[in-house]
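As given, the protein sequences belong to chains A and B, one line each in that order. The C-terminal residue of the first sequence carries number 168 in my numbering, and the numbering is unbroken. The C-terminal residue of the second sequence carries number 1317 in my numbering, and the numbering is unbroken.
Keep in mind the hints are simulated off the structure, nothing from the lab. Backbone N, C-alpha and C define an ideal beta-carbon position, used for all residues, glycine too. Check each hint, because a few of them may be wrong.
As the list claims (entries may be wrong) - Covered by chain A, according to a simulated footprint, are these stretches of chain B (three or more residues, beta-carbon under 8 Å):
{"no.": "1", "stretch": "973-983"}
{"no.": "2", "stretch": "1225-1238"}
Said to hold, decoys possible - Far from chain A, by Cβ distances over 10 Å, these chain B residues were calculated:
{"no.": "3", "residue": "Thr495"}
{"no.": "4", "residue": "Val777"}
{"no.": "5", "residue": "Asp906"}
{"no.": "6", "residue": "Pro942"}
{"no.": "7", "residue": "Gly954"}
{"no.": "8", "residue": "His955"}
{"no.": "9", "residue": "Glu960"}
{"no.": "10", "residue": "Ala962"}
{"no.": "11", "residue": "Asp1020"}
{"no.": "12", "residue": "Arg1064"}
{"no.": "13", "residue": "Pro1260"}
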Amino acid sequence: MTAPSQMDEDADTMWTAVCRYDELLPERGVAALVGEIQVALFRAHDGALFAIGNQDPFTGAWVLSRGIVGTRAERPTVASPLHKQVFDLRTGECLDNQDVAVPVYEVRARAGMVEVRVA
Amino acid sequence: MRTDAGRRLVVVGNGMVGQRFVEALRERDVDRGWQVTVLGEESRRCYDRVALSSYFDGVDPDALDLVPDGCYDGRDYVLHLDEAVTAIDRAGRTVTTSNGRAFGYDGLVLATGSYPFVPPVPGADLPGCFVYRTLDDLDAIRAAALHATGRVAVGETDTTGSKATGGGAAPVGLVVGGGLLGLEAARALRLLGLSVHVVEMAPRLMPLQVDGGGGALLRRLVEELGVTVHLGTFAASVAGAAAAREPMSVTLGDGTLLSVDLVVFAAGVRPRDQLARAAGLAVGERGGVLVDAACRTSDPAVFAIGECACVDGRVYGLVAPGYTMATVLADRLVGRAAEFGAADTATKLKLLGVDVASFGDALATADGALEVIVSDPVGGAYAKLVVSDDATTLLGGVLVGDTSKYAALRPLVGRPLPGDPLAILAPSGDGVAVTGSLPADAMVCSCHAVTRDAIDTAIVESDLTTVADIKARTKAGTGCGSCVPMLKTLLAESGVAVSPALCEHFDYSRAQLFDIVRVNQIRTFSELVGEYGRGRGCDICKPVVASVLASLGNGHVLDGEQAALQDTNDAFLANIQRNGTYSVVPRVPGGEITPAKLIAIGEVARDFRLYTKITGGQRIDLLGARVEQLPAIWRRLVDAGFESGHAYGKALRTVKSCVGSTWCRYGVGDSVALAIELELRYRGIRSPHKIKAGVSGCARECSEARGKDIGVIATENGWNLYVGGNGGFRPRHADLLLTDVDTETLVRTIDRFIVFYIRTADRLQRTSSWVESLSAGNGGDHVDGLAYLRSVLVDDTLGIAAELDAAIRRHVASYEDEWAAVLDDPERLRRFTSFVNAPDTPDPSITFITERDQPRPVPLPAPSRGVPGAGPTVLAVPAVPAARGADDLTGTAGGADGDEPARAAVAVGDAPAPDAFR
Ligand SMILES: Cc1cc2nc3c(=O)[nH]c(=O)nc-3n(C[C@H](O)[C@H](O)[C@H](O)COP(=O)(O)OP(=O)(O)OC[C@H]3O[C@@H](n4cnc5c(N)ncnc54)[C@H](O)[C@@H]3O)c2cc1C
Ligand code: SF4
Ligand code: FES
Chain A
50 MTAPSQMDED ADTMWTAVCR YDELLPERGV AALVGEIQVA LFRAHDGALF
100 AIGNQDPFTG AWVLSRGIVG TRAERPTVAS PLHKQVFDLR TGECLDNQDV
150 AVPVYEVRAR AGMVEVRVA
Chain B
400 MRTDAGRRLV VVGNGMVGQR FVEALRERDV DRGWQVTVLG EESRRCYDRV
450 ALSSYFDGVD PDALDLVPDG CYDGRDYVLH LDEAVTAIDR AGRTVTTSNG
500 RAFGYDGLVL ATGSYPFVPP VPGADLPGCF VYRTLDDLDA IRAAALHATG
550 RVAVGETDTT GSKATGGGAA PVGLVVGGGL LGLEAARALR LLGLSVHVVE
600 MAPRLMPLQV DGGGGALLRR LVEELGVTVH LGTFAASVAG AAAAREPMSV
650 TLGDGTLLSV DLVVFAAGVR PRDQLARAAG LAVGERGGVL VDAACRTSDP
700 AVFAIGECAC VDGRVYGLVA PGYTMATVLA DRLVGRAAEF GAADTATKLK
750 LLGVDVASFG DALATADGAL EVIVSDPVGG AYAKLVVSDD ATTLLGGVLV
800 GDTSKYAALR PLVGRPLPGD PLAILAPSGD GVAVTGSLPA DAMVCSCHAV
850 TRDAIDTAIV ESDLTTVADI KARTKAGTGC GSCVPMLKTL LAESGVAVSP
900 ALCEHFDYSR AQLFDIVRVN QIRTFSELVG EYGRGRGCDI CKPVVASVLA
950 SLGNGHVLDG EQAALQDTND AFLANIQRNG TYSVVPRVPG GEITPAKLIA
1000 IGEVARDFRL YTKITGGQRI DLLGARVEQL PAIWRRLVDA GFESGHAYGK
1050 ALRTVKSCVG STWCRYGVGD SVALAIELEL RYRGIRSPHK IKAGVSGCAR
1100 ECSEARGKDI GVIATENGWN LYVGGNGGFR PRHADLLLTD VDTETLVRTI
1150 DRFIVFYIRT ADRLQRTSSW VESLSAGNGG DHVDGLAYLR SVLVDDTLGI
1200 AAELDAAIRR HVASYEDEWA AVLDDPERLR RFTSFVNAPD TPDPSITFIT
1250 ERDQPRPVPL PAPSRGVPGA GPTVLAVPAV PAARGADDLT GTAGGADGDE
1300 PARAAVAVGD APAPDAFR
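Here chain B stands alone, though its shape is the one from the complex (with noise of 0.2 Å):
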């Protein structure tokens, strides 16, 4: 639809600075002035670099992806993964690729980051000898070190760094380097089952980060873990092995022989400033492509973020200044003033087992500078504040073994300090008393420049209730995580938080008004809020209200007052769409379909012109109708045997099958069938999100039954049931939950899972987040959500399973077609209908025209919006001609004959997040 093609801008490198910076043009470039392409080395996009290690935690590469959904469209955004920039010709304004592309520019931003720095040991080039950058770094090194064990590998599950060997001693491997990077070397290697040497040539582990006692302690508890530390010394030579499965050997400076399998350096990077150099771009001293404070070049079309990038004669290795730099220069790009200003190079880690934070100037470089320091070898701590000489001003402060003071201390670094500095480091030190002190402007979360006011902000206005809430919200704790202790007392300080209320109208959460509607009989929204709460409800607790009568079977979800209560999707009984018409999607249990039944959809389709889409849950959505237009579409599809499919409400959707072993070779048991019969029982229930189930034939999963709140997986004896699975935005794998059941235990078990959940969830949880909650550490009771569940659901140890199972016998038995029931009422049909004076007129604004032979909409033109600050403003409505037909398939846009009102530049960041978010 598009005109003017916006600018090119080409970004080099798809790191995590390179991607931050992409999501930060796209929220602020609305008017898509750039277009974007991004070219990136790696065979990846963009993952968690700085949570790399924890690949070998047994965590999933996938779940280190920090690419959010739909951020490359193809169009004005673009990826191009394994395709490295191999030159840049400045005056042509064109880069080349390793795939021999050229791609010209108006902009180019670099953002490729460093390399791991490999010092000139004679034989650091042997197989043996591994960096550690990348997650093909890891694999490396993971497969050198199942090699040198003798283990097969035996699967990606297979990390726990359980020390199995074959009897003989077990494998070494040296870490090159004692700082940040190689520690966190040295405790993978221990995961791998290696015995771990670490050398370092300063005098200290973390020279870096920790001073002189700081760095004793963490020797002693480094040691403490089995790892041997060679300090003031170096690497001096790597010979290779004599024979295969031999060891290498390496000498150390000071004579040391190492028998070792492995050898990671892990002494430092250097900024790769090649591109630029080769270019002719100026680069700092030691490295780095030169910027100013707006990132900028020596060459103005070229900018540098990142850890590529030197500005003020610094280069800086850590994500935070990188995020900085990324935000700074996409202001600069929609033209809006920033500038980089000082960066906050605070570490906080957790290194084999062992707490080590440092923060500010934590070497004591400042004039006159003071240390307080509490030392406690015994229990394994140190801490040290370092403050102005008139001991009033944090400057900085190390801590190890214990770092649960780091996150209220850190954004007090430069300002007063709260108390006397001893009793904050006193191991009983209250961390609360110092948050309380926190200024409004602390920078809470450095990763993402979160303030303390702009949490405190978000959790007042958009009533946030938890930590996730505010990640979330504000991205605040998304980073390294080590403010997250933080959110959690500003969470408990602003006290609204803890609330339990629903909103201003109750001041119970959703479970509880459960038990009251339950227990009291309450049938109506008026009944309820005139007794329990206060006003006339809103867009929050009417539609928890609907669902809470609806789960308790009070008739027609269009009903008397019910209806009032309905989210517009449940109104129309389908789904609201962004141009204001509907999408509508059939029932088609299991994905099973006749092919009668298709022939029928496409005629509907077609007859209406509709857009037809086949979902991730096996059925065909089809999109673009108008409200007016959803009974006869409806009546079409119910004569041919269709029923609602519950697309647009909080309930089950679908029950997601393969063709388990009436088909499929591998199948053990009849998927199809059970998930047509789990879908038939759940159909139309109502709770507190959606429901989304999978039914697999075999372990082979072809249904990813484990991405459901409900899976089931056939198994040689049975089913195995796994809950509480989420796909979406935060993709969490189902918990097993019971093994090799029989059909029947296994329909009783979901039955009451299912009840259960409806019964005690939060407003919009999703069963992953219920299942987690059930769990202590997590605000549950439980030690062991899942036991618990276990011992509810099977065990009845609440008592309570008679009633789960009445609660879906009465489901079952009342159970009725929501649209056939519509169709068969005049009374509820008249809603559906454009205007109340001009039935026959449909909206004008909706325009398609036709894209890969389909309708698409025309995009709406952005209404005008009041101008900023001005107070609000009552602007004229551009009149719309009420004149077009309803088959109108024109090019036109969607306003009014060239008349379309002025395009506003509208923030898309001002619009509050969607209702899930909440």
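So that you can see chain A by itself, here it is in the shape it has in the complex (with noise of 0.2 Å):
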């Protein structure tokens, strides 16, 4: 049921490729499974890639990928679909209340496919 996955030059921990590229929409995100963990994918305006952990915080629901994309300031967010907090796409933090994060995961594209890292 999971992609396949391959051994990463330099690491021995595993990169999973998830989709193509270009199945992304810019500025819209999707859910992706990588092991058991839920990731919230995302395209950038600008064509980056962003990979964060599903889950909303505030609520318990796996929801963020389904958040609207955008900026504060200069960082990339994502708001809750929920309840509208805004995340950092880089950082996971939450811009809207300090004490409260979510988890960053590796992802970069390569030959066309997206790869996410979760270890």
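Put the complex together from the two separate chains, hints included.
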């Protein structure tokens, strides 16, 4: 069920290819399942990729991939679709409550595929 | 779902303080450590007693209701009305009630308030004698007054106070007591058309609040309004009427004999401590249940708050100190430290059209206190500031006739004077200058204990732009209302507030953006933000632009770049629910549905195991659909002849109707046919906020059309059109815009109303506040907003009618069902998937149990959210097994197998308010 994985040259943790890069719409997210972890993947307006945890820490629902992507000051952000708290896509910090953050994961584009590393 | 029942808390009294306490506890006790039962003696749930007299201004009693929706859930928070506690058994920790029931408690809160003090005057118990405390009291007074004026009760609306009596002299009312309450009662009797006498024992009116000078002016102003004032004397006896319809006679202490039709005793209140006394709890010397600064009585399991409590030897007769006690006790009950300190007893009133305010040490009782008085008997104004002996600190004051400086002065009590006291009191004294010097911790709203700092912070952090926003966000201004002028000043001073800017990306309001997009024919967000904004947008401006583009007819909402602008609801054409599933609401125009379609909905719900509920808008809500199920569900619905109901959009929702003249024996118009016509005409139109409409077949109004944005009521001669109604958070009856018009005129006017609203309203502004905003004094430019609206929509004074009509024609011509269009397009369908790399695996966190024969979501375990104060913490994501099947309806919790993440104590209070409040 899970997509193929491959070893990275310089580390022993695995990158998982989750979808084609062009399947991602600019400024919208998708959810991906990496092992047992739900990752929210985003492609920004300029093409940059971000991956954060899909769980909204305020409600417990796994929905961050469905939020609105944008910016606050210079930072790329996503807003929770439930109660609109905004998270920094690069660091996972919640910009509306400094005590809260979501996990961030490594993500890259390789040969037209989007790959995520969760360890 | 809960296994450990909370401890039992019984609250006696559902008055203002008892209710506030329950709300404060609800906010704090997120783990539901307490199970709360409230017992209220009155037949109504808590209402705004402070605003009681507005009942005589024609305010609907329901508008005084203070209980927020959902406050009592029947599980953890239960309210029993019409049930008084009659005894407390402290040893057995049980209370018994007037209904003969018994309730055990672990904690008991007394919030029984006060009862009106009736002096022991012979005859005070006669049928023509009343008190002034509850809505029932007011009803009784009104009935007696109507009886006395010989008027027939012609219905709820006739409280305008027109002094209509059939010839002879007006009937007479006597108010015993010339304090705050007495003067309010006097005003009420005036409004009811009575000629009024007030008798007060002290040598001046409002002896507790104003000094001799203020009292003298007050007396003059009150007498000018036709009230006869008797000072320094008292009601000695009341003698009953000799015959029915004859007046009673009252003898005053000075020998005056008055012939009166009714007497209202407003001579003060006494704490209701009888229950506590009978149970052997300690009481204060002059009454009141004795409590410490933590609101605890002599029994550690029993607490008392509000007017029935005696704290530090003092009983408070104002709501603000009671609210403070409510908060203190709620804090205590969840284990937080809090104490009741000094209380603010400032008052401001509009009495009989005379403004009176007093605050702080109004009577200059402090050692060496100095008084600075400005008296203007001709202009009818008296002002006094009480200052410390070195004239540097403000101690208190009295304002009569002109209280415009009250809001700014009151928070400065105990603080350095902002300038020369005489200059401050001068009629032209600058209120704004006073505000500027207000310290951050000064209490601006004493009813809700909100400081200047809290308001300033809320304004900046939440981008508040109106006083209504501040009220919603901080509660400031929602009590007595006297601090509202101050809120306006703070808003004006904050600078950010008056800016129309939507958000950091656009300096324009929604209406301005609408014009920019329309005039420049902009078709994409990138174009707009590139030329007229900055950054890449956010959850505020993107949906606004999406709505504007949709209103101007730019194709399917999920096409091209528009897809990225949509809120999740619009993006998935369904409403997101708390567990991440969606609800599905097919359109049922006018609420009319065939048996075959009902069956089809039932079959879909059954096959996809959806929870079904009838909505308030006469359609059927199917809940619990996972994102990847939406297309299959809609395939079935579209095949059965349904289309999107736009329940997810800021768009026309429903046009509700009654059965009307086709079936109903009272009906005078075909409400169903009109409702269907309207719903089909406007379906899918995108607007600043949702639009609801209703059509009733006659004035009985069974479809509650006047609670809608657009309401139509059939008349003998056609239709009446109402606009700007609202239910929900801020209920408002719609205003009558047109009377007795034919269907063509009606529809044309509604067309124009909708488009005019779409083009000019603010983001998330309902038609109710939009209509209000058109009036002067409300930020609008027009003396009468409705007349203005009529002139634009009917007489076309702006010359835009043709354009508005064309917009609706375009809308009607280009309408397509959004869901049918999605189903036809594989590219759009692709987005309805759980995981991009595992489309067959549903989100494993979503599980259901069965309740009342229907599925119900298993509550999600609250995630850990980091350690407050320790900076952002990235926590390990709890592992969720992916293996659970799609049809799993098991009873296990939605977390991991035996690996549920720790439940962190999360204060509900720190989550931002829902979208609509921002
Ligand atoms: C006309 C009027 C105008 C006012 N104006 C102002 C103002 O401008 N500013 C201000 O600060 N204050 C004002 N007040 C005072 C304010 O209303 C009170 O301070 C406030 O209501 C006190 O709240 P409470 O909960 O302690 O008492 P209440 O609101 O009186 O509530 C007590 C409730 O407990 C119920 N109860 C009593 N005994 C029992 C029992 N044994 N079992 C069950 N239920 C019981 C009562 O029926 C009542 O509903 C005004 C009051 C009136 C009447
Ligand atoms: S509003 Fe009038 S016509 Fe409609 S159901 Fe009620 S009584 Fe009948
Ligand atoms: S002071 Fe009463 S509402 Fe603010």
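Hints, verified against the model:
Look at the stretch 973-983 of chain B against chain A: 4 of its residues bring a Cβ nearer than 8 Å to a Cβ of that chain, three or more, so the hint holds. Counting residues of the stretch 1225-1238 of chain B whose C-beta sits closer than 8 Å to any C-beta of chain A gives 8, which meets the bar of three, so the coverage hint holds. No Cβ of chain A approaches the Cβ of threonine 495 of chain B within 10 Å, the least distance being about 42 Å, so the stated non-interface status holds. Every CB of chain A lies more than 10 Å from the CB of valine 777 of chain B, the least distance being 56 Å, so the non-interface label holds.
Look at aspartate 906 of chain B: its CB is around 16 Å from the nearest CB on chain A, clear of 10 Å, so calling it non-interface holds up. Listed as outside the interface, proline 942 of chain B is inconsistent with that label: its C-beta sits roughly 7 Å from the nearest C-beta of chain A, within the 10 Å cut-off. Non-interface status of glycine 954 of chain B relative to chain A is upheld: no Cβ of that chain comes within 10 Å, the nearest being about 16 Å off. Non-interface call for histidine 955 of chain B relative to chain A: holds, since the shortest CB-CB distance, roughly 14 Å, exceeds 10 Å.
Look at glutamate 960 of chain B: its CB is around 8 Å from the nearest CB on chain A, not clear of 10 Å, so calling it non-interface is violated. Its beta-carbon lying about 6 Å from the closest one in chain A, alanine 962 of chain B breaks the requirement of being farther than 10 Å from that chain. The beta carbon of aspartate 1020 of chain B sits about 18 Å from the closest Cβ of chain A, which is more than 10 Å, so the claim that it is off the interface holds. No Cβ of chain A approaches the Cβ of arginine 1064 of chain B within 10 Å, the least distance being about 47 Å, so the stated non-interface status holds.
Here proline 1260 of chain B does not stay apart from chain A, with its beta-carbon only about 6 Å from theirs, under the 10 Å limit.
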